[in-house]
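> Chain by chain, the residues run as shown.
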Amino acid sequence: METSTISRRELLKGTGALVVSFSLFGPAARALAQAAAGGGEPEAASLDSWLAIAQDGTVTVFTSKVELGTGTETALAQIVAEELDVPFSRIHMEAGDTSKSVDQAVTAASRTIERAGPQLRQAAAVARRELLRLASERLNTPAEQLTVNDGVISAKGDAARKISYSDLLGDKRFNVKMETSGTGWDLKISPDVPVKNVNDYKIVGTSVKRTDLPGKFTGEFTYAQDVRVPGMLHGRVVRPAVVNSKPLSVDESSIKQIPGVVKVVQEGNFVGVVAQTEWAAIQAAKALKVTWSAPSTSLPATPEELYAYLKNTKSFNDQVTVNKGNAEASLSQTSKKYEATYRWPFQLHGMLAPSCAVADVRGDSVTVWSGTQGPFRTRKSLSDMLRIPEKNIRVIFREESGCYGRLSPDDAPLDAALLSRAVGKPVRVQWTRADEHGWEPKGPAQLITVRAGVDAQGTIVAWDYMERGFPWSESAGNPLLAARQIGMKSVSPGQSNGTAGGGEAYEFENQRIIAALIPWSQDTPTPLRTSNLRAPGDLARTFASETFLDEIAADLRVDPVQFRLRYLKNNKRVTEALVAATEKAQWKEHISHSAPSAGSKAMGRGVSVSGRDGTITAAVAEVEVDKSSGEVSVKRVTLAHDCGLIINPDGLRNQIEGNIIQGVSRTLLEEVRFDAKGVKNLDWVSYPIVTFRRVPDVQIVLLNRKEMPALGGGEPSTVPVPAAIANAVYDAIGIRLREVPITPQKVQASLRSKSPEQRA
Amino acid sequence: MAQITLNVNSKSRMVDVDPTTPLLYVLRDDLELKGPRFGCGLSQCGACTVIIDGNTVRSCSYPVSSAKNKQITTLEGLGTVARPHVLQTAFIEEQAAQCGYCMNGMIMSAKVLLDKNPHPGDDDIKRALEGNLCRCGSHLRVVRAVKRAAGERV
Numbered sequence: 001m002e003t004s005t006i007s008r009r010e011l012l013k014g015t016g017a018l019v020v021s022f023s024l025f026g027p028a029a030r031a032l033a034q035a036a037a038g039g040g041e042p043e044a045a046s047l048d049s050w051l052a053i054a055q056d057g058t059v060t061v062f063t064s065k066v067e068l069g070t071g072t073e074t075a076l077a078q079i080v081a082e083e084l085d086v087p088f089s090r091i092h093m094e095a096g097d098t099s100k101s102v103d104q105a106v107t108a109a110s111r112t113i114e115r116a117g118p119q120l121r122q123a124a125a126v127a128r129r130e131l132l133r134l135a136s137e138r139l140n141t142p143a144e145q146l147t148v149n150d151g152v153i154s155a156k157g158d159a160a161r162k163i164s165y166s167d168l169l170g171d172k173r174f175n176v177k178m179e180t181s182g183t184g185w186d187l188k189i190s191p192d193v194p195v196k197n198v199n200d201y202k203i204v205g206t207s208v209k210r211t212d213l214p215g216k217f218t219g220e221f222t223y224a225q226d227v228r229v230p231g232m233l234h235g236r237v238v239r240p241a242v243v244n245s246k247p248l249s250v251d252e253s254s255i256k257q258i259p260g261v262v263k264v265v266q267e268g269n270f271v272g273v274v275a276q277t278e279w280a281a282i283q284a285a286k287a288l289k290v291t292w293s294a295p296s297t298s299l300p301a302t303p304e305e306l307y308a309y310l311k312n313t314k315s316f317n318d319q320v321t322v323n324k325g326n327a328e329a330s331l332s333q334t335s336k337k338y339e340a341t342y343r344w345p346f347q348l349h350g351m352l353a354p355s356c357a358v359a360d361v362r363g364d365s366v367t368v369w370s371g372t373q374g375p376f377r378t379r380k381s382l383s384d385m386l387r388i389p390e391k392n393i394r395v396i397f398r399e400e401s402g403c404y405g406r407l408s409p410d411d412a413p414l415d416a417a418l419l420s421r422a423v424g425k426p427v428r429v430q431w432t433r434a435d436e437h438g439w440e441p442k443g444p445a446q447l448i449t450v451r452a453g454v455d456a457q458g459t460i461v462a463w464d465y466m467e468r469g470f471p472w473s474e475s476a477g478n479p480l481l482a483a484r485q486i487g488m489k490s491v492s493p494g495q496s497n498g499t500a501g502g503g504e505a506y507e508f509e510n511q512r513i514i515a516a517l518i519p520w521s522q523d524t525p526t527p528l529r530t531s532n533l534r535a536p537g538d539l540a541r542t543f544a545s546e547t548f549l550d551e552i553a554a555d556l557r558v559d560p561v562q563f564r565l566r567y568l569k570n571n572k573r574v575t576e577a578l579v580a581a582t583e584k585a586q587w588k589e590h591i592s593h594s595a596p597s598a599g600s601k602a603m604g605r606g607v608s609v610s611g612r613d614g615t616i617t618a619a620v621a622e623v624e625v626d627k628s629s630g631e632v633s634v635k636r637v638t639l640a641h642d643c644g645l646i647i648n649p650d651g652l653r654n655q656i657e658g659n660i661i662q663g664v665s666r667t668l669l670e671e672v673r674f675d676a677k678g679v680k681n682l683d684w685v686s687y688p689i690v691t692f693r694r695v696p697d698v699q700i701v702l703l704n705r706k707e708m709p710a711l712g713g714g715e716p717s718t719v720p721v722p723a724a725i726a727n728a729v730y731d732a733i734g735i736r737l738r739e740v741p742i743t744p745q746k747v748q749a750s751l752r753s754k755s756p757e758q759r760a
Numbered sequence: 761m762a763q764i765t766l767n768v769n770s771k772s773r774m775v776d777v778d779p780t781t782p783l784l785y786v787l788r789d790d791l792e793l794k795g796p797r798f799g800c801g802l803s804q805c806g807a808c809t810v811i812i813d814g815n816t817v818r819s820c821s822y823p824v825s826s827a828k829n830k831q832i833t834t835l836e837g838l839g840t841v842a843r844p845h846v847l848q849t850a851f852i853e854e855q856a857a858q859c860g861y862c863m864n865g866m867i868m869s870a871k872v873l874l875d876k877n878p879h880p881g882d883d884d885i886k887r888a889l890e891g892n893l894c895r896c897g898s899h900l901r902v903v904r905a906v907k908r909a910a911g912e913r914v
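Protein chains in written order, with the numbering used here: chain H, 1 to 760; chain R, 761 to 914.
Simulated from the structure, these hints should not be mistaken for lab results.
Glycine residues also receive a C-beta, built at the ideal position from the N, C-alpha and C atoms.
It is possible that part of the hints are untrue.
Stated by the list, open to error - Over 10 Å on every C-beta distance to chain R, these chain H residues come out as not near it, computed from the model:
# : residue
1 : Thr70
2 : Gly268
3 : Ser315
4 : Glu504
What the hints assert, rightly or not - Simulated crosslink set (SDA-like; lysine to any residue; CA at most 20 Å straight-line):
# : chain 1 : residue 1 : chain 2 : residue 2
5 : H       : Lys286    : R       : Glu792
6 : H       : Lys425    : R       : Asp789
7 : H       : Lys572    : H       : Asp613
Could you build the full structure based on these sequences and the hints that come with them?
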């Protein structure tokens, strides 16, 4: 008997035994009854795996795409409501439960609207067609003479002849098979079934308010951190501060005075405690005396060593995105050459809520609650570690705080599972702030060198762009932290950190863009684990390409906007975004730093463009630099955004505002510091992020392209921010900073090293 | 362990806990409240903010024993989805969140600000919320929401 079948039956009985946060009574439960009636894993080809209509008219949508704080749940619900012709308020999203959804792959990379949107839209279109067919029989009227309004089907011209969706199919199964191909992001569902004309949209394209927010403002919303299961105990992990350490001895007597400790768990190099209360677990984890072995590591111990390693280590994969003409030969022939090298440090995702999960391991059956971006991916990593078949594991999504990619590799469920297995009871694991800062997989460091050659007419004829960076070590099937601690080894060098942003938006006669992957395989746990951090790699790549271009423009004494437009040539969307942003910002044509301010504070403006998976952004940053303190304040950012068809304009604006603010933070403040012993910034004081006083004003221009598919808005708009700021800093004080964060110390040092005439 | 009577959201609640336990864990684990949230345990982020006798307190670093005989208000004490407080309504109107995890601290800090200064300017709001971290970057919306709430107060 399959676990998923059992759990569904439990659900249907409405047993509160699973978790307090379940709302499985009323319409949702009835809708579920229908989807669950067949039992077993939901099949992509079955319409009932996606949609259920309840007696009261509620439409439940089953999806493995989850809400990460970006509003996708609301946007996906809009898409279904639109295509099905039901009011938005009738849609109930049932998201991220492996026993109730088809695997649509991780919610990541701003690809949810682009990929899962069409999947749900096509399923809704099939459902609508089937409902029309049923109504046609009931009303004895050809389907083409029927119309749908708010979930009620009526005869055209005779509104009295009508029947509602719920009267047709309430609490019953569709029993409709759909055509499918591909899996995950590439899953296609009945692509030939006609969908609504975009000009008829009434719900898509409007700023529907998010369904999750009211409860988040009142304390009624249930985060993963709020999940409580009967009989649940509290666990904490005890991790070494250093890399590659083994617990030589664990002195249990060191915590015997703490009441409520249930067990000290040691498995391989994994150590944790389980207690009756959360406070006892916290105290025990802190007090437990563990003697760790001395670290043995080949990790770089300083930033200098790190960048030297990136520079000198042989790449295992040169990802060539553009190779046109012969950049090398052209460079050797041009008289005017430019070259610059850029550094981007490890940065944190910095979830406001440290990782948390509840696991209940009973024999060979496992239930887990977590904020994972990929419930099926978490299920696989649990299966690999516990050696329990995936079909016996149920992962239930409950939202954690915004994670920006951090919960693609979802560590806490593995910790909770090891502890739960050891005590035979459900265990909740909450990471501490130091656990999260220290052990979260970081956004990888990058080292980029760009060279360009300019001909006698002042035209760039050669562009040679080389990034050297790390892959995501905690990806591509590699074991997560707890699994590594119990001895599992890497199976892959890791997944690429992306390739976009090297200047591919521009047309140069000879152009080569390479993103080289440098090995970062860590078989033993290290705090410098790596993974996808929002718009992975693109910030650094765009920082390099867009400031380098700016540098050439300034040297050739050309306005940076006009200079870009020359090379955008046939790139209509980027051109239009750039023009839109600069018009909104009232950009005045000028050569950068041609009219420096004489006072102690200098103002500057900088521009940058970017493209990510089809979404185009252009940004203008306005900064003020205090020449004595070196402090850079970003006063305003204006950003034009083109992500094709817009589903929810206010939701998109919300994302763009957040992306700009987070981009300011990553540009001015953020850097993971480390030595051979591990990460040194383990709290918010030592790893500051942007606060209210540093938040700039934001102006947004949305370019809605109804003729295009809907593309991603979750992360592309953070990409142009660092380059725009750095270019504005140059405009203000004539200094090129080629490494973030742009700190007052770096600005001051650069100002001091300038010659007096340069300082003018 | 000690029996401690707390006054939470105008109700008297008895708990039997280690008196050194930070108030946050008592509110969350013993009284099953979800408004105050764990973010750092270091008084650095503000996610755990509650109001005690009219002032904001970081409940992650405040022993439960210190809360005896005091009036504790949590996010739940302001309003509900069905009957929201003016601040909660304003936050909904402005859609002033992404993940929402920090919003307990934002709203509770804004409540204390408005109680003391019913008509704050942008800078007053920013100063009052400066110690509350938001990683999603909802700051601009939060400021707008607090201003909206102030404007709608009678």
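> All hints, please: hold or fail.
Against the structure, the hints:
no., hint, in the structure
1, Thr70, "violated, 6 Å"
2, Gly268, "holds, 27 Å"
3, Ser315, "holds, 33 Å"
4, Glu504, "holds, 27 Å"
5, H:Lys286 <-> R:Glu792, "violated, 25 Å"
6, H:Lys425 <-> R:Asp789, "holds, 17 Å"
7, H:Lys572 <-> H:Asp613, "holds, 16 Å"
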